[in-house]
Amino acid sequence: MTAAVPGTAYLLAGLGVMFLVTLALRAAPFLALTRLRDSGVVRYLGRTMPAGVMVVLVVYTLRDTTTELGSWVPAAVALGLTLAVHLAFRRAAASIVLGTATYMLLQTLLV
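For the sequence shown, the numbering used here begins at 532 and goes up steadily by one.
Misleading hints may appear alongside valid ones.
Each pair of labels, with its calculated beta carbon distance range [what the hints assert, rightly or not]:
1) Y541 - V584: 41 to 47 angstroms
2) T597 - A535: 55 to 61 angstroms
3) L618 - L641: 22 to 28 angstroms
4) T539 - S602: 21 to 27 angstroms
5) L543 - L614: 52 to 58 angstroms
6) D569 - A540: 44 to 50 angstroms
7) A625 - V604: 19 to 25 angstroms
8) S602 - A555: 43 to 49 angstroms
9) A558 - V608: 14 to 20 angstroms
10) A555 - V642: 25 to 31 angstroms
Hint data in this document are derived by calculation from the structure and do not stem from the laboratory.
Built from N, CA and C at the ideal position, the CB exists for glycine as well.
Can you build the whole structure from these sequences, using the hints too?
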């Protein structure tokens, strides 16, 4: 016994519902943020989240670092360069991109 194949109208209705739910979920943060714009919590998160993201990236990068030369040298150099660039220019994107590129380049050359 085989199951009946849904009709075209049923499939289009399903796609329409998925479209509306996706649209609502993507619009919800913007609608909520307009009401919370003056909130102290939102200002606090806006001030602290970039540093939090940097900490998560550092922990993720250093989690598999061992005492072998090819393991910790790229991480240490990239971390130092990232800190120096960030402290000098205060540009999170530039420091993350430069640190990541340095890490990947040294990881490729030393391993």
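Outcome of the hint check:
At about 43 angstroms, the beta-carbon gap between Y541 and V584 stays in the expected band of 41 to 47 angstroms. Roughly 59 angstroms separates the CB atoms of T597 and A535, a value that falls within the hinted 55 to 61 angstroms. Range check, L618 to L641: Cβ separation about 26 angstroms, and the 22 to 28 angstroms hint holds. A C-beta distance of roughly 57 angstroms is found between T539 and S602, which places it outside the suggested range of 21 to 27 angstroms.
The beta-carbon spacing between L543 and L614, approximately 54 angstroms, falls within the hinted interval of 52 to 58 angstroms. One distance hint, 44 to 50 angstroms for the beta-carbon pair D569 and A540, holds here, with the actual separation near 46 angstroms. The hinted range of 19 to 25 angstroms is satisfied by A625 and V604, whose Cβ atoms lie roughly 23 angstroms apart. Distance hint check: the CB atoms of S602 and A555 are about 46 angstroms apart, consistent with the given range 43 to 49 angstroms.
Separated by about 43 angstroms at the C-beta atoms, A558 and V608 break the suggested range of 14 to 20 angstroms. Taking 25 to 31 angstroms as the suggested C-beta distance range, the pair A555 and V642 does not conform, at roughly 47 angstroms.
Comparing the model with each numbered hint stated earlier shows that hints 4, 9 and 10 do not hold.
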